[in-house]
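Peer 1: Using the sequences and the hints, build the whole thing.
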Amino acid sequence: MNIMWRVILICIVVLYTEVEAGGSCSKLENKIADNLLDMLVTIKSGSTKPGGDSGKNRPAFTATLGTTKVTYIGPSAIVKFNNVVLNRGGGYEPTTGKFTAPKSGLYQFSFTIMSYSGGELNMAVVKNRSMIMSLYGPKIHGATETANPVLELKEGDTVFMQHLASNSQTMYGNHYSHFSGYYIGE
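In case it helps, mature numbering (1 follows the signal peptide of the UniProt record, and there is no 0) puts the sequence shown at residues -21 to -1, 1 to 165.
Keep in mind that a hint or two might mislead.
As the list claims (entries may be wrong) - With a cut-off of at most 20 Å between alpha-carbon atoms, the simulated PhoX-like pairs for lysine-lysine come out as follows:
1) K82 - K106
2) K133 - K77
3) K48 - K106
4) K106 - K133
5) K106 - K77
6) K82 - K133
7) K48 - K59
8) K59 - K106
9) K106 - K35
10) K77 - K59
Said to hold, decoys possible - Label-pair restraints from in silico Cβ distances:
11) G53 - P117: 13 to 23 Å
12) M112 - G135: 13 to 23 Å
13) P54 - G121: 22 to 32 Å
If you are wondering where the hints come from, they were derived from the structure by calculation, not from laboratory data.
Because the structure is a prediction, the values reported are computed rather than measured.
A virtual CB, placed ideally from N, CA and C, is assigned to each residue, including glycine.
Peer 2: Here it is as structure tokens:
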């Protein structure tokens, strides 16, 4: 089952990436994405009951870092992934860059950053005000780093990516850097 949910998650990410690259999304593509997300939630929760929780009420979101190629991140700034692809449950706020848990439970998150023009990147995954893990993008143009924490959250807890360096750094926008998460269960 572990491999199956990963395949479904990859399908969702690929589908949303393809939709974003094309600039439009048909109703059929939306339905397919919703069905894949529902299957993922069902597999992760272990629920196989017909008519059970289909995942429609489970928070899930995906956001990318805008359409500009280069994004300058100031010292200690919170990264604002401003292009919202999905925001089921309304937990992600693009103006602040923070996900706020609408309900308590276990959540899976994914953060990906891409360095720009040979500059390094120093980022942290933060829960409330505590650093959970860090990401380092080396001085290689187009280097990517990813973190996939599973976190226990209480309603109202926040999760976000924060710049660790004391100077400004640049990262790829143009949808190469992204932040997503979903509610697994209690």
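Peer 1: Run every hint past the structure and note whether it holds.
Peer 2: We went through each hint and held it up to the structure:
| no. | hint | verdict |
| --- | --- | --- |
| 1 | K82 - K106 | holds, 15 Å |
| 2 | K133 - K77 | holds, 15 Å |
| 3 | K48 - K106 | violated, 28 Å |
| 4 | K106 - K133 | holds, 11 Å |
| 5 | K106 - K77 | holds, 10 Å |
| 6 | K82 - K133 | holds, 7 Å |
| 7 | K48 - K59 | holds, 15 Å |
| 8 | K59 - K106 | holds, 15 Å |
| 9 | K106 - K35 | violated, 25 Å |
| 10 | K77 - K59 | holds, 8 Å |
| 11 | G53 - P117: 13 to 23 Å | holds, 21 Å |
| 12 | M112 - G135: 13 to 23 Å | holds, 21 Å |
| 13 | P54 - G121: 22 to 32 Å | holds, 24 Å |
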